[in-house]
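Visitor: Put together the whole structure using the sequences plus the hints.
Here's the letter readout for the chains.
2 protein chains.
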Amino acid sequence: MNPNLRTDEWKIIEEGFDPQFNRASESIFSIGNGHMGQRANFEEKYSGNSMQGSYIAGIYYPDKTRVGWWKNGYPKYFAKVLNSPNWIGINISVGNEVLDLETCKVESFRRILDMKSGTLEREFVCQLKSGIKISVQSKRFVSMADYETGAIEYSITPLNKDVNITTEPYIDGDVVNEDSNYNEIFWKSVSGNINSEKAVLVSITRKTNFHVAVAMKNLILINDHVISPEHNITRNDKYISRIYSTNVKKGNKLTICKFASILSSENHPVDRIAELAVDKVNKTLTAGFESLLKDHKQKWSDKWDECDIIIDGDPSAQQSIRFNIFHLYQTYTGSDHRLNIGPKGFTGEKYGGSTYWDTEAFVLSFYLNTADSGVARNLLLYRYNHLQKAIENAEKLGFKNGAALYPMVTMNGEECHNEWEITFEEIHRNGAIAFAIYRYINHTTDVNYLVDFGLEVLISISRFWCQRVNFSTVKNSYVILGVTGPNEYENNVNNNWYTNTMASWTLQYTLESLVKVEAISKDKFRSIIEKVSFSNDEAEKWREIVDNMYYPVDDELGVFLQQEGYLDKEQLTTDMLDPKERPINQNWSWDRILRSCFIKQADVLQGIYNFEERYDPETIRRNYDFYEPRTVHESSLSPSIYSIIAATIGNIDEAYKLYLRTARLDLDDYNKEVHEGLHITSMAGTWLSIVEGFGGMRIKKEKVILKPMLPGKWKSYSFYFRFHNNIVNVTADSDGATVTNLSQNIVPVEVYGVCEDIDPGKKKKFGRKD
Amino acid sequence: MNPNLRTDEWKIIEEGFDPQFNRASESIFSIGNGHMGQRANFEEKYSGNSMQGSYIAGIYYPDKTRVGWWKNGYPKYFAKVLNSPNWIGINISVGNEVLDLETCKVESFRRILDMKSGTLEREFVCQLKSGIKISVQSKRFVSMADYETGAIEYSITPLNKDVNITTEPYIDGDVVNEDSNYNEIFWKSVSGNINSEKAVLVSITRKTNFHVAVAMKNLILINDHVISPEHNITRNDKYISRIYSTNVKKGNKLTICKFASILSSENHPVDRIAELAVDKVNKTLTAGFESLLKDHKQKWSDKWDECDIIIDGDPSAQQSIRFNIFHLYQTYTGSDHRLNIGPKGFTGEKYGGSTYWDTEAFVLSFYLNTADSGVARNLLLYRYNHLQKAIENAEKLGFKNGAALYPMVTMNGEECHNEWEITFEEIHRNGAIAFAIYRYINHTTDVNYLVDFGLEVLISISRFWCQRVNFSTVKNSYVILGVTGPNEYENNVNNNWYTNTMASWTLQYTLESLVKVEAISKDKFRSIIEKVSFSNDEAEKWREIVDNMYYPVDDELGVFLQQEGYLDKEQLTTDMLDPKERPINQNWSWDRILRSCFIKQADVLQGIYNFEERYDPETIRRNYDFYEPRTVHESSLSPSIYSIIAATIGNIDEAYKLYLRTARLDLDDYNKEVHEGLHITSMAGTWLSIVEGFGGMRIKKEKVILKPMLPGKWKSYSFYFRFHNNIVNVTADSDGATVTNLSQNIVPVEVYGVCEDIDPGKKKKFGRKD
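Sequence order for the protein chains is A and B.
Using numbering that gives the first Met the number 0, the letters of the first sequence map in sequence onto residues 0 to 769.
Using numbering that gives the first Met the number 0, the letters of the second sequence map in sequence onto residues 0 to 769.
The hints are simulated quantities; they were obtained by calculation from the structure and are not laboratory data.
Since the structure is predicted, the reported quantities are computational estimates derived from the model, not experimental observations.
Quick reminder that beta carbons are idealized off the backbone N, C-alpha and C, glycines included.
Treat the hints with care, since some could be wrong.
Here are the computed distance ranges between Cβ atoms for each label pair [unchecked claim]: (1) R271(B) <-> K349(A): 50 to 60 Å; (2) T573(B) <-> K75(A): 22 to 32 Å; (3) T444(A) <-> W68(B): 38 to 48 Å.
Simulated coverage check for chain A against chain B, where a stretch passes if three residues somewhere in it have a Cβ under 8 Å from a Cβ of chain B [unchecked claim]: (4) 69-80; (5) 560-568.
Guide: Dropping the structure here:
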């Protein structure tokens, strides 16, 4: 953990510079706008420990798979988010000495991520080897108002001497990915075009042929007055720059504004992309830094008005929940159904494939509750558009007749992951994608989605489950053999309770959806049935499976069994583990982890979370009490689900303890891996812990249920959610909860067991009942 | 399959040259002497499809592990047998045209592996582009009489013109492994020393610093008369050669003899290795080709006298069994306990790690029966000498207190393999190593081995099993979770019957061995106990585990269950498989293979094979009848065990059918992979199928049991085996069997149920009883 980080309700502040934490800070202070992102690398040269990272959504490279021992069915490549041309760089020389914080004496340093306005700021004073002392301020953002625009304002003031300062804003296409499997360069050609009128660099990826054009414009100012100094041009291989030389008097402030437009062939024709990038950057120059910033801030302000969580009495918790919300919206805004939420967003390279089941299992609810339903709908459309690829994925594994297996990791719908126990066996992801359809419709009432898109997906997934089960004559039931459940510390197990539950639920929901769609539109129903060649025999078979699915349980303990044979393991609890051996995934060999009873993340409890209404509180409590002590929470996705269930069974202290494990995971760098990037998808879990955990919020068909509790330290907290597209605010304190209907429709609520219809624009207070 | 291969009882003959089969032939026609080996590459340049391969036993390179997703406990490297300096090369130019069978017209071609004499011969007539026609004869061998010597005799006769012929014998150290993980060159420095007196090249491996010196001497003859032509010397980087230019009249025969000595730092001091290589090659030159060949042939003749199997009435079977025996002895002669038997011997690179459980489970019996007991003893000492490494391997996986886990694949005792489901979980190999000790002592009566070496190994392996089991309160038994059995088409299963059986047997045998060693020598017993800090509590615990081990069975079917849950699988048989989908390991995704009931190789039946005496014939038959139809035999090690058991239960036709699958596996290239090398270790299985299968030979404590049957096609067959170090021959025909005692001691036998003591030098005929 970086001791230089300061608590502030709206800002992340790093006070003082310690190079050992620089990579971690580069992740934490990342900026993004859902379409591109930028690690908090310095604008000026930095020869110390740094990972350069500029990322553009949807621009990936199919890196050749690296594998020890090939298995049939493995994908040939792993799609990686690309480190893209560097648009932020500004080389600075002060009297012929290159400014580099690694080599000069840093007297003061402050880095600020302002989450309210979405800007990254930095200010420092340093003394160069020459004895010249300068102060530097920089501010930058990638615009939420124009997804293709980034802007930087960078000022230098010599403090003890007049000096000539050279500033060299550049665009550098000579970039690599640290995680390249075979040290390949992913960009095949880079060509720059620079003259007095324009500066634009076009880079093209190998294999995928994505084109990226980056154009820049610059302004030089002294004490905020624009000057027009002479300048030189550089055009090296893959690199273009302008070099300005300015004599600056002691105490005067030299400012360089750098505007960049970053366009990709995902949105523009390749033959005009350079020209369009130049046009756009010219317009941003005309608008000016302050005007661009104002539009950007307004977008963030609008966003916060619908998604902020306010916590009173715990600034650290306040900071962290905003940090999580902020980064989620920096990663994904929902405006483009081709995009999704990578586990590290735009903050690092690792897990370079864009999309995991995290999206459906954890992140979807966040967007359903904090944004217009179109955002969640785009997440669903992403999978709908990948249906054909999911069918091909399943075919590669021997499934037939339109069965679909959605990939574990993907960029374009094709499977990218290559561990048999995950790629081929962690099939519960297919259930999450079906369940997301249910959640979306339940939340938004947009039943037309089922008609237009959802049913096709459901049928294809159900076909997969139908082929994936087999009938066990010994058990006289259908079984699902050889799977990996959400708890990835078990591989190739039989009858994982969660997977069997999700499979059976999917079949049942698909059967219901067939009826529902037919009722809505016989024509559309017929056309779907025809399109996918659905037969009634299939429905018969699905019903039979639903009625005869095997679920492992232990009657004596009264718990669902994570998988068959779980109780054959030596039954230990986490308090018996030597702290030196934790995390076990860094200290134990894989076989030892597999045969131990220790659980990486919610598995049975993930199922209970999904289907809470099926189980009485005592059943939920017994399962929680059995599994929590066996869970090491070595996935960032684990504690939030446990926290919600702890809250559900009234164990608020435990819920809070678990909440703390997720809330500041990245800010406090629990797992010592923040230098690789942030845990974007698990940030949604933190949000869920507050809203569904402490707030007890549940969206039902006819109403929303709330049961807000107050964690010990907090004075009050408030959050927004959406019920059937209506925005609602809840503020909870020690007395109870106030529900405010911010929409145009009546919102029926049940708070602490009391049912009320809340009129549009009205608020209602409910006294606390525990 | 190469249609140019001809059947011959003592020879492998390739008649006609088809380049597409050249790599396969290079494997099949390999020569070796247990200390070095050489693929059947041409001496002259060949620009067609070829894999150059010269191998020296014990000289390996730790190639950096390639892995997709790292797991704790994986080894950092994979030890690979090295492709070593090429000593066979002789470049030939005929009137300025390089001789290369890829570019000239081959009019006739014959390649012969003479198994009786251990030589590789080749003769061909070809027409060069110039129109010159030549005939070529070559013969080479690596000496069984001197393990460091190779010799070649290479003759060229111009058939239609006088011509100048350049011959360039060379030593080339610029060699690579095709299977290098990261295209590394494994040899770090190569230096040649060549002048009129000597020619020697010293190569040193990277990391391991093995030194290899290759020295050569040459003779040039015309029509078998030595001439002394002028010659030039080449010394390029990593390459030395002599270039002789000779005018040869039409019809005259130019011969070049090339002698090479190949010395490694495993056997010689590095500072004198070049000098010693030169000394040795000078001596071989003095001895001459014919004299060296005579000594070599004599060694093979002596060997065949003790290990030949003669089959009358089936030349193809005769050829193949000799092919198998021949290659086994080319791979391992047993004279050096640092060496072992790699799955491909010296015939290819694949599975570059030297030693697998194949040695103990399959190959040991072959050497126990066909060689002096010192050979098998060396195989055991190999593991004894690796005990400390095996303890370290176990420690890396979290085991303690001197528990040993022998590696899955190794060169120097350290684990090399990196698939968690194999490396960490295929632990039954540990049982095979213990069982080998039992087998060796049972076969040789050398109980001192137990005292001097065996007990230590047994204690260390038993400690592993003791820590690897856990007590299941649900089953009220000890269980072994998370293993891969011999059938590698199941991973991470619980209670593999074979593994549990081997574990329990090891504990029991170790307990018995403790008693036995104490009875033999109280002093030695005490010193072992002290050395390994053995306590009686350990013995108590082992006994408890033996008494309470869990074995999965199905009472209704009356079979042992391969693992828990096996019957939950869809129960199919191999005749229901679409032939197009076979082998399934090339056509099915890994998850599908895992959850299918199909079995790669003997698993339950391997256990029944090991402990046959425990089970009544009906039990054996039930298990055979259940498992054989579910077995796809996609390991070369599988059909032999099934063949033996089929013979045991009297099913001779089935036994013969299965025997055919192993016997000509490589000659007929069933699996289309012979180009990569031969299946050396499974060749021992073929031998076992005849001796233990058709011959029904079983070594018991007090006697040897025989029950020879005759496969339909055969008129008779005979084989040798050893009983307590006594050589015995058995000849079986349709009437019965004749047992000949070739030793100095009485040999007690039970043939077709009739017990007899056979006197030294006597033979006895037994009438057939089926």
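Visitor: Now look at each hint and say whether the structure bears it out.
Guide: Tested hints:
1. R271(B) <-> K349(A): 50 to 60 Å: holds (53 Å)
2. T573(B) <-> K75(A): 22 to 32 Å: Taking Cβ atoms as reference, T573(B) and K75(A) lie about 30 Å apart, which means the hint holds.
3. T444(A) <-> W68(B): 38 to 48 Å: With Cβ atoms ~42 Å apart, the hint holds.
4. 69-80: Held - the region 69-80 of chain A has 3 residues with a Cβ nearer than 8 Å to chain B, which meets the minimum of three.
5. 560-568: holds (count 5)
Taken one by one, the earlier hints all hold for this structure without exception.
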